[in-house]
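Visitor: Next come the chains, spelled out residue by residue.
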Amino acid sequence: MNVDILVIGGGVSGLTAAVEAAETGYSVALVEKNPYLGGRVTQLTKYFPKMCPPYCGLEIFLKRLKNCENLKVLTNARVKRVEGVAGNFNVFVEVTPRFVNENCTACGECEKVCPMERSNDFNFGMDKTKAIYLPHEMAYPPIYVIDPNACNKCGECVKVCRYDAINLDEQPQEITINAKAIIVATGWNPYDATKLETLGFGVYPNVITNMMMERMVSPNGPTNGKIVRPSDGKEPKVVAFAQCAGSRDENHLPYCSAICCLASMKHALYIREQIPDSKVYVFYIDRRAYGRYEDFFKKVDQDENVVFIRGKVAKVEEGSNGNLIVHAEDTETGRKVQMEVELLVLATGMQPTTALEKIEGLEYDDYGFVVEREGIIPCGVARMPADVASSNRDATGAVIKAIQVVRG
Amino acid sequence: MGGVNVDPNFAREIIALGGKDLRKCMQCANCSVVCPLSPEDDPFPRKEMIWAGWGLKERLLKDPNVWLCYNCADCSAYCPRDAKPGQVMNAIRARVISEFAWPKFVGKVLNRSWGFPIFVIIVPAIVLLSLIYWANPGIFAGQLPSGTIETSKLISTTNVEIAGFILGGFALLIGLIGMWRYWLAITDGGGMEFTVKPLENAELEIKGKPGFMGLYFFEAFFFVLRDILYHNWFKICEANKPRFPAHLLIFYGFIGAAIATLGAILGLGHILEFRLPISLGYYPLPWPWELLYAKEIDPMFLIASGFKLIGILAGLAIILGSGVAIWNRLFNKKTKEFGSYYDWFFLLVVFFVGVTGYGVIIARALESTATYWIYLVHLYFVFMLLVYAPYSKFAHMLYRTVAMIYAWTRDRYPKTPKYFWEAW
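Which chain is which? The protein sequence lines are G and R, in order. Heads up, the first sequence is in our numbering, so the first residue is 266 and it goes up one at a time. Heads up, the second sequence is in our numbering, so the first residue is 2 and it goes up one at a time.
Please note: incorrect hints may appear among the correct ones.
Derived DEER-like restraints, expressed as beta-carbon distance ranges [to be verified]:
(1) G/Y632 <-> R/P118: 57 to 67 Å
(2) G/E359 <-> R/K242: 31 to 41 Å
(3) G/E582 <-> R/I260: 53 to 63 Å
(4) G/D560 <-> R/L185: 33 to 43 Å
(5) G/L621 <-> R/W103: 26 to 36 Å
(6) G/E569 <-> R/D8: 49 to 59 Å
(7) G/N516 <-> R/S131: 28 to 38 Å
(8) R/D8 <-> G/Y632: 36 to 46 Å
(9) R/D8 <-> G/P484: 37 to 47 Å
(10) G/R600 <-> R/W103: 34 to 44 Å
With a cut-off of at most 20 Å between alpha-carbon atoms, the simulated EDC-like pairs for lysine to aspartate or glutamate come out as follows [stated by the list, open to error]:
(11) G/K580 <-> R/E41
(12) G/K345 <-> G/E622
(13) G/K460 <-> G/D386
(14) G/K424 <-> G/D386
(15) R/K334 <-> R/D83
(16) G/K563 <-> G/E538
(17) G/K666 <-> G/E622
(18) G/K460 <-> R/D83
(19) G/K502 <-> G/E462
(20) G/K580 <-> G/D551
(21) R/K337 <-> G/E515
(22) G/K544 <-> G/E515
(23) G/K544 <-> G/D568
(24) G/K377 <-> G/D392
(25) R/K25 <-> G/D551
(26) G/K460 <-> R/E239
(27) G/K580 <-> R/D42
(28) R/K21 <-> G/E639
(29) G/K315 <-> G/E559
(30) R/K337 <-> G/D551
(31) R/K335 <-> G/E538
(32) G/K580 <-> R/E162
(33) R/K334 <-> G/D386
(34) R/K334 <-> G/E462
(35) G/K580 <-> R/D83
Derived coverage of chain G by chain R (criterion: at least 3 residues anywhere in the stretch with Cβ under 8 Å from a Cβ of chain R; other residues may be distant) [said to hold, decoys possible]:
(36) 283 to 296
(37) 502 to 514
Calculated directly from the structure, the hints in this document are not laboratory data. Keep in mind that this is a model prediction, so the values were computed, not measured. Built from N, CA and C at the ideal position, the CB exists for glycine as well.
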């Protein structure tokens, strides 16, 4: 395959880059490792700056994407290696089988008969799906997918499918794409909270991460939007947030992840709206609501049931009834605080995807973010931690740079 | 509280004394919480970090919190900025010692690496060589005593005693002066009565009134002594676990060495020209294994060889303890602390006092004339340990005791197990 611009990653940055590049008339390929487009944004309940539900923004992108004839989208595809120089890159892509083709109408008959289950990574393991599943209800492409690790190849789904959409013998493919410029929009993963050994994630069930909170509040999430404690399904009345859980920490991610302060403020509002008699405590080092987000911070700060305590949560212990005891020093009073809370949310930071899964042939900084070089332009969180709006702008800028390379 | 004096040089001094990552601190207070010893009220070391950074010298020099810290290094292990609060606290302690031990400049120079040529080479060379010359000029002509190996043949016991009394007395005096001055500083005048007033910005004003200490002091001292003897606070440390056995061995090693020295004096039966009421009549103290060959056992012989056994075990404990401490500083990556010149000077002196002391024991048992040379090197290290005690890290035992007594009377004592067996 020969294209002008290759975009790696189909999240909000990659989608922006691919659509805007294609709309200017250049031929574009978009490679996404997940079976769906939209990336992390699809997992959010609402996103900044306007608190839109994710489909609101993504829908517009998908509509634009469908109108681009010169844009080729590959899902379930991972870029393994990049070779060559600006103007002539060879990119080696591994396409894992989806086992379901475009004939699929997402009727869901296959799912009913499938006997195998898998942990739902889209919801961070908080629920299960069948081995043949639709990643989420608004997934694009709207086609089912089979998890080869969960599937036992019993063939029940093939029998019930009326559209001849399932082929259990599909094999992995390796393809090479020749591109003149590459935009890297590989995005991020939430930092692995089990590495925060003093905060009890993975040990105490009522310690969750901010992204789990996001899925929980989402109407299509594991609890259909209800905020509950994982241990007993009860509505939590006292919730604490531990900011900088792994960010700004030399032992974990040494940089500020940029979004966690605002995300926790947003979550505080979710909780306060859904549970009126709730109390939220946010333990922080600095409250970084940058730029115009100051207004949002002020809005949250006005709620007297959202209390900001300046001091990092350094230790978490189990209390009675699955409650948690959060230890910190309130640096404004100079006393230690031991607070019993019903749910603790760790504001885990953003780790670039490329910190854990390196693409051969790209350059990285110490933290695993992609470094720009001629013809290879990182954008969004692949370049630095950012919110959605900044990523969009960053992606548009990356397209201009890529076009300059393509035109020579 | 009125005006606050800021001394920017103070921060530089703390950095030079080993708190070199002080300025990385972002005041997140992770340290105060992971610290197993930090009290609920007015916890440390977060505040000490900012005070040191700002150069609030007066406040830190009077802050007993720095001695409630046992350098467990949990703070440094978990510090998000790698600012190593444990090392900063250690540097502040070094600075406190040099502030209160008279005269100030000795401590200031001794605890910095540029003091090395002065205090490790020039001063001991002059003092020690003149003392030895006074005791036995023949050594400089290479004349070693002949016959059975006895250190008293090289330098007579009287000479060692006189030198010991002068140097030891000096160290004790300076140490007591420092302790007293420190007590006056932290209590604001010396009394045990005090008033507590909360101020703005989370400060507590604790003002002492001059007054009678009374039994209260002894009650506090009893509990402090119990915790020192049992090493209760060390046991709470998490990141720096080897510190507990290391300190325990060195601590009891020194106590054992003191007991053995007492035994040697009893063995001799007199101090200088004064006869003691009891005399064992065995000097030097006999080897414990000589008991195996004895046909009749004289009770005095039994006691004398018992003292010798204590000395042998004490030496072993000091070598082993300081060896573990050295190993811990070099290879315990969990603490992320390497220590500063101030730590290493003291640690190595203790280690070599032990090693050379043991060298003397072994060489003498082998009846080698190397005994005399090892003995001279041993005296060199003992000199450094003794004379610099009030200025070096050795003085921590004085200041820490004072601060712990203070903390006990102010109800700022960490919760520790009440009895030895509860701690296990």
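Visitor: Looking at the structure, which of the earlier hints fail to hold?
Guide: 1, 2, 3, 4, 5, 6, 7, 9, 14, 17, 19, 22, 28, 30, 31, 32, 33 and 36
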